[in-house]
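Required output: the full structure, derived from the provided sequences and hints.
Protein chains in written order, with the working numbering: chain A, -9 to 194; chain B, -9 to 194; chain C, -9 to 194.
What the hints contain is simulated information worked out from the structure, not anything from laboratory work. Fair warning: there could be bad hints in the mix.
Given that identical chains are not distinguished, each listed pair holds provided it fits within a single copy or across any two copies.
Claimed, not checked - Each computed SDA-like pair below joins lysine to any residue, with the alpha-carbon atoms no more than 25 Å apart:
{"hint": "1", "residue 1": "Lys123", "residue 2": "Phe58"}
{"hint": "2", "residue 1": "Lys166", "residue 2": "Gly125"}
{"hint": "3", "residue 1": "Lys192", "residue 2": "Asp63"}
{"hint": "4", "residue 1": "Lys95", "residue 2": "Arg35"}
{"hint": "5", "residue 1": "Lys192", "residue 2": "Ala24"}
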Amino acid sequence: MRIKPRGSQFFQLLADAAANLVTATALLRDLTEAPPPEREAIAARLHEVEHAGDDLTHTIMVELNSTFVTPFDREDIQALAARIDDVLDFLDTAADLAVLYRLEKFPPGTDGMLRVLCRAAELTAESMPGLAKVGELSPYWIEINALENEADHTYRRMLADLFQPGADALEVLKAKEVVEQFELAADGFEHVADVVQTIAVKES
Amino acid sequence: MRIKPRGSQFFQLLADAAANLVTATALLRDLTEAPPPEREAIAARLHEVEHAGDDLTHTIMVELNSTFVTPFDREDIQALAARIDDVLDFLDTAADLAVLYRLEKFPPGTDGMLRVLCRAAELTAESMPGLAKVGELSPYWIEINALENEADHTYRRMLADLFQPGADALEVLKAKEVVEQFELAADGFEHVADVVQTIAVKES
Amino acid sequence: MRIKPRGSQFFQLLADAAANLVTATALLRDLTEAPPPEREAIAARLHEVEHAGDDLTHTIMVELNSTFVTPFDREDIQALAARIDDVLDFLDTAADLAVLYRLEKFPPGTDGMLRVLCRAAELTAESMPGLAKVGELSPYWIEINALENEADHTYRRMLADLFQPGADALEVLKAKEVVEQFELAADGFEHVADVVQTIAVKES
Chain A
-9 MRIKPRGSQF FQLLADAAAN LVTATALLRD LTEAPPPERE AIAARLHEVE
41 HAGDDLTHTI MVELNSTFVT PFDREDIQAL AARIDDVLDF LDTAADLAVL
91 YRLEKFPPGT DGMLRVLCRA AELTAESMPG LAKVGELSPY WIEINALENE
141 ADHTYRRMLA DLFQPGADAL EVLKAKEVVE QFELAADGFE HVADVVQTIA
191 VKES
Chain B
-9 MRIKPRGSQF FQLLADAAAN LVTATALLRD LTEAPPPERE AIAARLHEVE
41 HAGDDLTHTI MVELNSTFVT PFDREDIQAL AARIDDVLDF LDTAADLAVL
91 YRLEKFPPGT DGMLRVLCRA AELTAESMPG LAKVGELSPY WIEINALENE
141 ADHTYRRMLA DLFQPGADAL EVLKAKEVVE QFELAADGFE HVADVVQTIA
191 VKES
Chain C
-9 MRIKPRGSQF FQLLADAAAN LVTATALLRD LTEAPPPERE AIAARLHEVE
41 HAGDDLTHTI MVELNSTFVT PFDREDIQAL AARIDDVLDF LDTAADLAVL
91 YRLEKFPPGT DGMLRVLCRA AELTAESMPG LAKVGELSPY WIEINALENE
141 ADHTYRRMLA DLFQPGADAL EVLKAKEVVE QFELAADGFE HVADVVQTIA
191 VKES
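The structure is reproduced here in structure tokens:
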């Protein structure tokens, strides 16, 4: 019989939550590449992933309340789960708004944004099993930070493009709402990394 | 002579702050139902409630600095007061912007939003005396969470309605600014509940 | 040979970071007063200040990981550096967007906003050497809070002016994006002060 290290279920639960981000970003990329009539079905699948994420967050909270020894401060595990959940919400909102607003086409730069988000999701998922050795995660923070800068840069250019003279203000507003969610998701990945960094500072 | 439990004034101060939210949401509901010329007077009363909230927050901070034993971590009491204050600010801003922008009419869905906000305020106020037994507050979190989901859903549909082809982009922008404050207030109630949950996790 | 108090390098690093805010707000004020063709060069200089800020934040993080005794909780020093960095980002974004969007003219109220931001930067920079006696910093919080209220008031009036009937919705959208960064920067100064207050509550 093997003895599991105490609190190890949290690493698994957080890894599952981060794996959900990989699925959700891939679905959002598919949605942005699909013709309008096919988007609603993809958004529905993304919404199911978001629900699964809610369930995971709930399980983490329940486990936190019933586990005596946790690998890190309870508040940090809670914050990590909450920040991952935030990203999932932004991805789901982007898909939902694109469908709701019957967005004609995604603005130029969308493919670059989605590349950033998919990469950030992969990185985050890869880093979770490493939480046990949190001090070695600095390559993860550095790349997440660079990706957030890239997303921010792309976001501003996308808005500048949208605001070209002669544009239809109402279409601009709709596209801006959707693109904002991309940017919020990229920020959200950085906030996940910030919590990981907080844990590393405490452990150092 | 009765001995008050040490730190019990914090439960009372936080309960007073949460009671302010009930008054403020009711005033905001009245404002959204009133004809435009009557709105300014209601916004002025809401602004007084917001000032009273600022005073309460200040009192809580002063008490925190002069009290040796607090019922929870000082930072959590401070965070709870700050998050309640945030909600009050969003409610006050919504009223102020509606008056400042001379909003013609509140968009469809406003009554549903206000129902959510009034209920969230009541729930929050009811939960404050229960802080002493924070572990029993899970029905409060669960309903606040459901209300936030409802507000989010309503918010998106309200925007989709506003963005109908042919709409006046400037009027859309004005209405969107006001409706955003409703959504921020609903989020704000959830952030109050998050702090309560943080306290519960620590106490468990 | 003099013995430096342990951890004293953090006061210096945070003071350097706050001094950057003084430079950045002054550059942003210059940019808003300059004719459009001169703005890009000023934005480039502000961007260099923002880079210098990133380097300082990084140095603070590295020092936190290699210093055994810190003057306050590690997390609070980290939070202070992060919040100062946020303000620098908002200032840099305001400059970048004004150039990118080829904003014709800054809306009325811009000079008042910049006066608030420059004063908040000075106050923040003056308070950093006082961190060693954090309990005496209440005049700093009180003025920062008043400045944030003034910025918020100005921001709302600026938007109400922008939304005048007959305005070009696209120009309104562009100006609003830039003015929002001013408001976020003013909020950001308050968030810096909030962390200082958190430290004071813990030390009391």
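Against the structure, the hints come out as follows:
no. : hint              : verdict
1   : Lys123 <-> Phe58  : both (21 Å within a copy, 20 Å between copies)
2   : Lys166 <-> Gly125 : neither (38 Å within a copy, 42 Å between copies)
3   : Lys192 <-> Asp63  : both (9 Å within a copy, 9 Å between copies)
4   : Lys95 <-> Arg35   : within (20 Å within a copy, 36 Å between copies)
5   : Lys192 <-> Ala24  : neither (45 Å within a copy, 46 Å between copies)
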